[in-house]
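Chain residues, written in single-letter form:
2 protein chains.
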Amino acid sequence: MKKTNNSDKGILYVVSGPSGAGKSSIISMLLERCSSLEFSVSYTTRKRREGEQNGKDYFFVTKEEFEDMRRRGEFLEWAEVHGNFYGTSKRFVNEGLKEGKQLLLDIDVQGAMNVKKLFPEGIYIFITPPSLEALKARLIKRGTESDAQIARRLKDAKWELSHIKEFDYIVMNEDLDTAVEDIYIIVRAEGLKVHRNMDKIRKALGYDI
Amino acid sequence: MKKTNNSDKGILYVVSGPSGAGKSSIISMLLERCSSLEFSVSYTTRKRREGEQNGKDYFFVTKEEFEDMRRRGEFLEWAEVHGNFYGTSKRFVNEGLKEGKQLLLDIDVQGAMNVKKLFPEGIYIFITPPSLEALKARLIKRGTESDAQIARRLKDAKWELSHIKEFDYIVMNEDLDTAVEDIYIIVRAEGLKVHRNMDKIRKALGYDI
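Protein sequence lines, in the order shown, are assigned to chains A and B.
Each residue of the first sequence is one higher than the one before, starting from 0 at the first, in numbering that gives the first Met the number 0.
Each residue of the second sequence is one higher than the one before, starting from 0 at the first, in numbering that gives the first Met the number 0.
Calculated directly from the structure, the hints in this document are not laboratory data.
Incorrect hints may have been included.
No copy labels: a pair is met if it fits in one copy or bridges any two.
Unchecked claim - Within a straight-line C-alpha distance of at most 25 angstroms, the following computed DSS-like cross-link-like pairs (lysine-lysine) qualify:
1. Lys89 - Lys135
2. Lys192 - Lys115
3. Lys192 - Lys62
4. Lys97 - Lys154
5. Lys192 - Lys164
6. Lys140 - Lys192
7. Lys115 - Lys135
8. Lys100 - Lys192
9. Lys199 - Lys46
10. Lys154 - Lys164
11. Lys157 - Lys202
12. Lys202 - Lys154
13. Lys192 - Lys116
14. Lys116 - Lys199
15. Lys46 - Lys97
16. Lys97 - Lys202
17. Lys55 - Lys202
18. Lys62 - Lys46
19. Lys202 - Lys135
20. Lys55 - Lys164
21. Lys89 - Lys140
22. Lys192 - Lys8
23. Lys154 - Lys199
24. Lys199 - Lys89
25. Lys55 - Lys154
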């Protein structure tokens with residue numbers, strides 16, 4: 000008889016938050032530390048920033064390529080953020096979870112909300128800057144956006160922050176190392192949830208419970 | 000207007016598991032490491048073991064004293080385990096939570112189930128030995144129980160393990176340091192839950208969300 004438990008299923012971690020909260024740096028350090036996590040590389044039509052690698056940070060595609068994929072139903076979710084398109088591969092997520100992998104998605108708040116409808120059992124982590132002033136300072140420092148774009152991102156950040164209650168965990172990025180450690184701890188704690196360990200428990204005890 | 004959130008409420012951690020799983024050692028090390036946790040000292044009628052301190056490990060009381068407290072409704076929960084009585088102070092828990100404290104309760108599985116009915120929002124952690132054989136070996140090594148008592152504890156352990164699904168987290172005590180670290184991690188991760196940080200988030204952002 001097939002057991003009804005989640006032990007053989009993967010875990011979906013969705014990391015989200017306003018642009019400029021420091022998500023990318025946190026995730027890149029986290030992935031180095033936590034080898035059990037597999038990163039879902041998103042497709043995007045936005046321009047590649049310095050230091051970003053195609054296939055590692057994003058799959059950089061044209062608007063036409065993106066539209067073709069969307070039409071073929073290849074995205075789990077897709078969204079337009081600040082005039083650019085972002086999409087998550089349906090196949091990567093579905094197959095990864097079926098294989099029992101721990102997947103990490105870095106998506107915008109809008110996209111995270113869409114994924115939550117499909118995977119309510121996922122773990123939703125919101126990364127926030129310590130304050131809106133700090134966010135503004137970071138966007139200016141990054142130097143990739145115009146003043147108008149920064150104003151738009153700040154307005155969007157307020158909307159994004161208003162959805163924080165729909166997330167499970169909050170990581171306030173005051174200090175990069177602490178923020179990385181926080182997510183690492185969330186991942187380890189989630190791995191200790193009873194429902195994820197039923198197979199292990201049965202095996203250790205030598206009988207079914 | 001009063002905000003409806005849990006930020007100003009304490010957190011109740013309930014640690015439970017079969018006798019001999021190593022709960023006491025784990026908790027005593029955890030409390031040293033995690034100064035934010037406050038231990039709820041239970042009342043018991045069982046004999047004091049070597050090294051145990053009255054008022055620190057337990058409040059050791061007579062059967063008559065226990066019965067008086069029980070009759071006066073001073074226990075949040077009480078249970079008879081292996082012929083001894085154990086009770087948790089209602090006042091300590093209720094007042095501690097009201098004051099926003101993080102309380103740690105060490106109670107038997109039966110007691111934990113009763114507390115869960117009263118505090119479904121608590122965090123329930125099950126500490127299990129790596130196997131039933133290991134549990135047996137530990138009980139023999141402890142040398143405080145007769146063969147009949149050990150047989151009874153093993154029988155009870157099977158019943159207790161059958162309730163594991165009603166807990167949130169499992170900590171398998173194969174190695175003491177790892178088990179302590181596991182609970183420490185659970186406590187830190189729980190502290191990152193969004194609903195416990197709404198006040199902090201509002202304060203950092205400077206406006207209500």
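Each hint, compared with the structure:
In this assembly of identical chains, Lys89 and Lys135 lie within 25 angstroms of each other by CA distance neither inside one copy nor across copies; the values are 33 angstroms within and 49 angstroms between. In this assembly of identical chains, the alpha carbons of Lys192 and Lys115 lie at most 25 angstroms apart whether taken from the same copy (19 angstroms) or from different copies (17 angstroms). Taking CA atoms no more than 25 angstroms apart as the test, Lys192 paired with Lys62 passes in neither setting, with 41 angstroms inside one copy and 38 angstroms between copies. Neither within a single protomer nor between protomers do Lys97 and Lys154 lie at most 25 angstroms apart by alpha-carbon distance, with minima of 38 angstroms and 37 angstroms respectively.
For the homomeric pair Lys192 and Lys164, the shortest alpha-carbon distances inside one copy (22 angstroms) and between copies (10 angstroms) are both at most 25 angstroms. With identical chains, the CA atoms of Lys140 and Lys192 are never at most 25 angstroms apart, being 40 angstroms at best within one copy and 30 angstroms at best between copies. Proximity of Lys115 and Lys135 under a CA criterion of 25 angstroms is satisfied in neither setting, with 28 angstroms inside one chain copy and 45 angstroms between copies. Taking identical chains as interchangeable, the C-alpha atoms of Lys100 and Lys192 lie at most 25 angstroms apart whether they share a chain (16 angstroms) or sit on different chains (23 angstroms).
Taking CA atoms no more than 25 angstroms apart as the test, Lys199 paired with Lys46 passes in neither setting, with 45 angstroms inside one copy and 35 angstroms between copies. Taking the closest pair of Cα atoms, Lys154 and Lys164 come within 25 angstroms of each other only inside a single copy of the chain (18 angstroms); across copies the shortest separation is 44 angstroms, beyond that limit. Proximity of Lys157 to Lys202 under the C-alpha cut-off of 25 angstroms is restricted to the inter-copy arrangement: shortest distance 14 angstroms between copies versus 48 angstroms within a copy. Taking the shortest Cα distances, Lys202 and Lys154 sit within 25 angstroms of each other only across copies (19 angstroms), while inside one copy they are farther apart (52 angstroms).
Taking the shortest Cα distances, Lys192 and Lys116 sit within 25 angstroms of each other both inside one copy (22 angstroms) and across copies (20 angstroms). In this assembly of identical chains, the alpha carbons of Lys116 and Lys199 never lie at most 25 angstroms apart, being 29 angstroms within a copy and 27 angstroms across copies at closest. Taking the shortest Cα distances, Lys46 and Lys97 never come within 25 angstroms of each other, neither inside one copy (33 angstroms) nor across copies (52 angstroms). In the homo-oligomer, the alpha carbons of Lys97 and Lys202 lie at most 25 angstroms apart inside one protomer (21 angstroms), although the nearest pairing across protomers, at 41 angstroms, exceeds that limit.
Proximity of Lys55 and Lys202 under a CA criterion of 25 angstroms is satisfied in neither setting, with 37 angstroms inside one chain copy and 36 angstroms between copies. Taking the shortest Cα distances, Lys62 and Lys46 sit within 25 angstroms of each other inside one copy (11 angstroms), while across copies they are farther apart (75 angstroms). For the identical chains of this complex, Lys202 and Lys135 are inter-copy neighbours only, at 17 angstroms across copies versus 52 angstroms inside a copy, given an alpha-carbon limit of 25 angstroms. In this homomeric assembly, Lys55 and Lys164 never come within 25 angstroms of each other (Cα to Cα): the closest approach is 30 angstroms inside a single copy and 39 angstroms across copies.
For the homomeric pair Lys89 and Lys140, neither the shortest alpha-carbon distance inside one copy (34 angstroms) nor that between copies (54 angstroms) is at most 25 angstroms. For the homomeric pair Lys192 and Lys8, the shortest alpha-carbon distances inside one copy (13 angstroms) and between copies (23 angstroms) are both at most 25 angstroms. When the C-alpha separation of Lys154 and Lys199 is checked against a cutoff of 25 angstroms, the pair qualifies only between copies, where the shortest distance is 21 angstroms, while the shortest distance within a copy is 47 angstroms. Neither within a single protomer nor between protomers do Lys199 and Lys89 lie at most 25 angstroms apart by alpha-carbon distance, with minima of 29 angstroms and 36 angstroms respectively.
In this assembly of identical chains, Lys55 and Lys154 lie within 25 angstroms of each other by CA distance neither inside one copy nor across copies; the values are 29 angstroms within and 53 angstroms between.
Violated hints, in rising order: 1, 3, 4, 6, 7, 9, 14, 15, 17, 20, 21, 24, 25; the structure is consistent with all others.
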